[in-house]
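Chains as they are written, first to last, in this note's numbering: chain Z, 1 to 341; chain Y, 1 to 341; chain C, 1 to 341.
Take the hints with a grain of salt, since some may be wrong.
Stated by the list, open to error - Far from chain Y, by Cβ distances over 12 angstroms, these chain Z residues were calculated:
hint, residue
1, R7
2, E13
3, G23
4, Q52
5, A57
6, A65
7, R71
8, D80
9, Y82
10, A152
11, G201
12, A256
What the hints assert, rightly or not - Here are some chain Z residues pointing at chain Y (derived, C-beta under 10 angstroms):
hint, residue
13, A109
14, P110
15, E127
16, T164
17, F189
18, K196
19, V197
20, P198
21, T286
22, S298
23, E302
24, Q310
25, W315
26, F322
27, Q324
28, D338
Calculated from the structure, these hints are not laboratory results. We put the beta carbon where it would ideally sit given N, CA and C, even for glycine.
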Amino acid sequence: MSAPAFRIAELAERFGLELRGDGAQTIHGVATLAAATPAQLSFLANPHYRAQLASSAAGCVVLRAEDAPARAGACLVAADPYVAFARIAALFERTPAPAAGIHPSAVVAPGARVAPGASIGPLSVIEDGAVVEDGAVLGPQCLVGPDCTVGAQSRLVARVTLVTRVTLGRRVLVHPGAVIGADGFGLAFDRDRWLKVPQLGGVRIGDDCEIGANTTIDRGALEDTVLEEDVRLDNQIQIAHNVVIGAHTAMAGCAAVAGSTTLGRYCLIGGGAGILGHLRVADRVTIAARSLITHSISAAGEYASGVPFQNRREWRRNAARFKQLDELARRLQALEKDRKP
Amino acid sequence: MSAPAFRIAELAERFGLELRGDGAQTIHGVATLAAATPAQLSFLANPHYRAQLASSAAGCVVLRAEDAPARAGACLVAADPYVAFARIAALFERTPAPAAGIHPSAVVAPGARVAPGASIGPLSVIEDGAVVEDGAVLGPQCLVGPDCTVGAQSRLVARVTLVTRVTLGRRVLVHPGAVIGADGFGLAFDRDRWLKVPQLGGVRIGDDCEIGANTTIDRGALEDTVLEEDVRLDNQIQIAHNVVIGAHTAMAGCAAVAGSTTLGRYCLIGGGAGILGHLRVADRVTIAARSLITHSISAAGEYASGVPFQNRREWRRNAARFKQLDELARRLQALEKDRKP
Amino acid sequence: MSAPAFRIAELAERFGLELRGDGAQTIHGVATLAAATPAQLSFLANPHYRAQLASSAAGCVVLRAEDAPARAGACLVAADPYVAFARIAALFERTPAPAAGIHPSAVVAPGARVAPGASIGPLSVIEDGAVVEDGAVLGPQCLVGPDCTVGAQSRLVARVTLVTRVTLGRRVLVHPGAVIGADGFGLAFDRDRWLKVPQLGGVRIGDDCEIGANTTIDRGALEDTVLEEDVRLDNQIQIAHNVVIGAHTAMAGCAAVAGSTTLGRYCLIGGGAGILGHLRVADRVTIAARSLITHSISAAGEYASGVPFQNRREWRRNAARFKQLDELARRLQALEKDRKP
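So that you can see chain Z by itself, here it is in the shape it has in the complex:
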C-alpha cells in the first residue's frame, strides 16, 4: 500500500475549506504545530497553542479565519478547525482492512450465524445463538456469547467480550478488554446471607457508539441496559444494569453510572464522575470531572462537586475545619443575633 499524499489545494476542495497561500505543496501526514514538517499539515483549535502558530514549520495549518493573519505559510480556513482536521487526518490513517472470513483458529459454534462478509480474527469464539452481520470485523480473541448480535460494519478491536443478550447496532466500535452484558449486581439480603437476583435482561447498543478499553456495561435485571445512538464511552467506565444513556452523550475515562439511572441526550460527563442509581439527568447536562451526582438533575447546565487541591499542610488545616462547619455556622448565627439590638 503506497503512503497517502495530497496536495493542499486538493484538500481544500475535497473538504470545502478556503485556501490561503500556495496550495501546490504535497502533504504526506499530520502532526502537531510544534512537530510538523513542511510535508505535514497541522491545526490550531485550542487557543492555548496560538503562540506556536508563527514558528510552526507545518506545510499547512487548518485554523479559524481570525487566526489566519498570524500564519505566514499556507493555511486552510475552517469554521471548526478540529472537525476539519479530523476529516483530513482520517486520510492518513492506515488501518488495514482484514479480509472477510473466519480465521482457522477461531471457534465458531454450529448454531452461530456469521455473515460471509464478516471477518473473525484468530482465537475468537462465537457461541451458539450469536449473530455477526455483514462487514463486521472482530479482531483476535473476542467472544460473542449466546443471543448476542454484532451489527453490520461494527468493529471489536480485540479481546472484547459480549457475554449474553447483547445487541450492537451498526458501526459500533469496541476497544479491547471491554465486557458488555455481564450480570448486573443484583442481590437480595436473605436473613444472614446474600441471594443472587437473576439478571434476565440484555444490553442494547445503538448505531455509531464507541466503547473504551476495559469498560464494563452490565445487562439488565428485567429490562435492557440501553445506549442510544452515537454514545461515546472512554476507558474503564462502569455502566450498571438498567441504565439508559441518551443519544450523543459522551463520558470520559473512569466515570460510572449506578443502576437504573437515565441520562439525557448530548450530556458530557467528566472523567471519574459518578452518578448514583435511580436518578434522571436531563439533556445537555455537563458534569465536571470527579463530581458525584446524588440527585436527579432536571435542567441543562454545568454541575460540579469536590474541593480544590492545595499544598498538603494547608489542605489539612482546612479539611479539619470541615468537620466543624455546622458548628461554625451556628456560632456565626449566634454572633449575628447578639449584634442585633
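Based on the hints, put chains Y and C in the right spot on chain Z.
Relative to chain Z, chains Y and C alone:
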C-alpha cells in the same frame, strides 16, 4: 428446552407465600410492574414504585401484606418481596448447563488436574499444577495458572484470569475480565530507582463469593489476600495485596481497598468508595458511595465523606472559600473573643 | 527443583549486611514477624510493627541498627531493611522460567518477528509487523498487535493486549488484562453528532517499567504517549493519549491522568488520584490518595484535596453547610466591618 411456566398457586406453595386472589393463571416470566403482561409476575419492594401497583397489568405481584389491599388482581404476600421474587425469577433463568468435558481447543497442561465432571470452555488454558474440581464450569478463554484451584460448582463465566496461587472455594462465580492473583504493588525505593518486592503469597476466596467484571484482586506479599465466604464484589473493584474481607460483605462498582486493610463482616461499601491501607474496619459498617476512609473504624454504623454537587457557578464560589476555611474559623474566634467583656 | 535454602551468615555476606547473633541457622523462606518460624527470615521496616519484634519466632530479622537491641535472636542490620528484605525474598521466589519457543497453539503471523530466545505462551497472537525480542516471555493469551515491539527480557504475564504502535523497552513487566495502545478518546463535535479524530500516534514504554492488571494506556493522537524508564503503575490505572510520565514515577491503583498532561520524575501518585488534562506537574510531587489535580504544579511537595470522612449524620450537617460557605464568609465579613468603629 420448553419454556418454563408455573401456575400462581404452584408458586405460592413452592415458596410458602400467601396467595390472595385467583391462583389459576399460568405465569410464563417475570417483568417490572410497568412492563409486565397478564402472563408475567412482578414485585413491589422499593416504595418508590408503589404508584405503579394499581395500573400494573401483571398477572401476579409479589408484595408486602401492607401493599396487598392496593392490588386488584392476584398477589403473593411475602415478608421480603425482593427475596421471594429473586427465588421465583430464578425459575425463569435459562443458563444452559454446558456438558462436562474439555473443549478440544482448550490447552490443558499435563500437570493439571481437571475433574471428570468439570467443564472447560473453548480456548481456555489450564496450567501445570492447577486443579479444577467437580462440577466447576469454565467458559471460553479462561486461564487457570500454576497452583490455582477452582472449587466444586464454581463458575468462571468467560475470560477470567487466575494468575498464580489462587484458591476459589465452592460455588464461586467470577465474571469476565476479572484478574485474581496478579502481583501486589510492592516496591522498595533503592537510592535512585524502584526495586520490586517479591509477592510470595496467594489469594483465598471463600465459598459463594461473586467477583465482578474487570475486578482485580492481587495476591499477598507474604501471606494471602483473603475473601471470606459470601463476599460480593461488583465490577472494576480493586483489592490490593493482603487485604482481608469479612464474610457477607458487599462492595459496589469501582470501590477500592488498599494493601493490608481488614474489613469486617456484613459491611456495605458504596460504589467508588476508597479505603486506605493498613486499616481495620469493624463489622456492619456502611460506607457511602465515593467516600474515602483514611482511618480505622471501630464501631458499626454509616460513614461518608465528600461535598454536595451544585450548579457549577455556585459550586465554584463555595469551593474557593474552602481554601480559606481555617482562616474564616480563626476570624470567627477573634470576633467571639472581642464580644466577651 | 529443590527448594532454596541459605544460612544466615551466607545472606549477610551476599548482601553486605551486618550479622548480629548466630549465623549458622538455615533459612528456608520469608514471612511476617507474626507468622515466621525459626526456619524463616522476617524484617522490620514499618515502626507500626515494632511491638512484634520481641515475640517473633523468626530465625532471623532484617532491621535497622536502632532496632537491633530489641531483638533476642539472630538479625541482619541494614540501612534500609525493606530494600535488603526485597533482595533476600527474591531468592525464595520460584517463578519457573518457561522454555524458549512458540507454543503450538499460539498464532504467529508470517510477517511477525519472534527472536529464537523468546517464549510465546499458549493461545497468544503475534500479528504482522510485530517484534518480540530475545528473552522476552509472553504468557498465555497475550496479543501483540501490528507495529508493536516487546523489548528484550520483558514479560507479559498473561492476557496482555498491545494494540498497535506500542514499543516496550527492556525488562518491562505487564500484568494480565492491561491494554496498551488502544485509541485515545479523541472526538470532535460536528454540528449534531460526534466525529472520531484518528489516533495516529503510538505508546513508548521505557526500560524497567511495570504496568498493573487491567490498566489502560492509550496511544497518542499525533505524537506518542510516553512512560520513561522505571515508571511503576499499579492496577486499573488510566493513562490517556499523549500523557508523558517522567522516569521513576509511581502511581497507586485506580489513579488516572487525562490527555496531554506531563508528569515529572520521581512523583508519587496516590491511589485513585486524578490529574486533569493539558497540565504540567513538576518532579518529586506527591499527591495524596483520591486527590483531584486541576491545575499545573510547578514546585515539588505534597498536595491533597477532599474532605475527611465522618459518621454519616454529622457529615450530612457539615456537607449541607458547604453549600452556604460563600454566604457564611460574607456574613462573617459583614460582622467584622460592623465591629470596626
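Q310/Z as an interface hint toward chain Y, with CB separation required under 10 angstroms = OK, holds: Q310/Z within 10 angstroms of chain Y, min 6 angstroms.
Find the nearest Cβ of chain Y to the Cβ of D80/Z and say whether that gap is larger than 12 angstroms.
-> 24 angstroms, holds
Is A256/Z truly not at the interface, in the sense that its beta carbon sits beyond 12 angstroms from all beta carbons of chain Y?
-> The assertion about A256/Z is violated, with a minimum of 5 angstroms to chain Y.
Supplied contact hint for D338/Z, tested at 10 angstroms Cβ to chain Y = Holds, because the Cβ-Cβ distance from D338/Z to chain Y comes to roughly 6 angstroms (cut-off 10 angstroms).
Hint check: 10 angstroms Cβ-Cβ cutoff, S298/Z to chain Y = 12 angstroms, violated
Answer holds if the nearest beta-carbon of chain Y is closer than 10 angstroms to that of P110/Z; otherwise answer violated.
-> At about 13 angstroms, which exceeds the 10 angstroms cut-off, the nearest Cβ of chain Y leaves the hint on P110/Z violated.
Would the least Cβ to Cβ distance between A57/Z and chain Y come out above 12 angstroms?
-> Holds, since 37 angstroms exceeds 12 angstroms.
Is the nearest CB of chain Y more than 12 angstroms from the CB of R71/Z?
-> 35 angstroms, holds
Restraint satisfaction for W315/Z [CB to CB of chain Y, less than 10 angstroms] | The hint holds - W315/Z has a Cβ within 10 angstroms of chain Y, the shortest such distance being about 9 angstroms.
Interface-negative label, E13/Z against chain Y, beta-carbon threshold 12 angstroms | Non-interface label on E13/Z holds, nearest chain Y Cβ at 42 angstroms vs cutoff 12 angstroms.
Closer than 10 angstroms between Cβ atoms is the bar; does E127/Z clear it against chain Y? Give me holds or violated.
-> Status holds, d = 7 angstroms.
Is it the case that R7/Z keeps its Cβ farther than 12 angstroms from each residue Cβ in chain Y?
-> The claim holds: R7/Z sits with its nearest Cβ about 46 angstroms from chain Y, beyond 12 angstroms.
Violated hints for the displayed structure, listed by number in ascending order: 11, 12, 14, 22.
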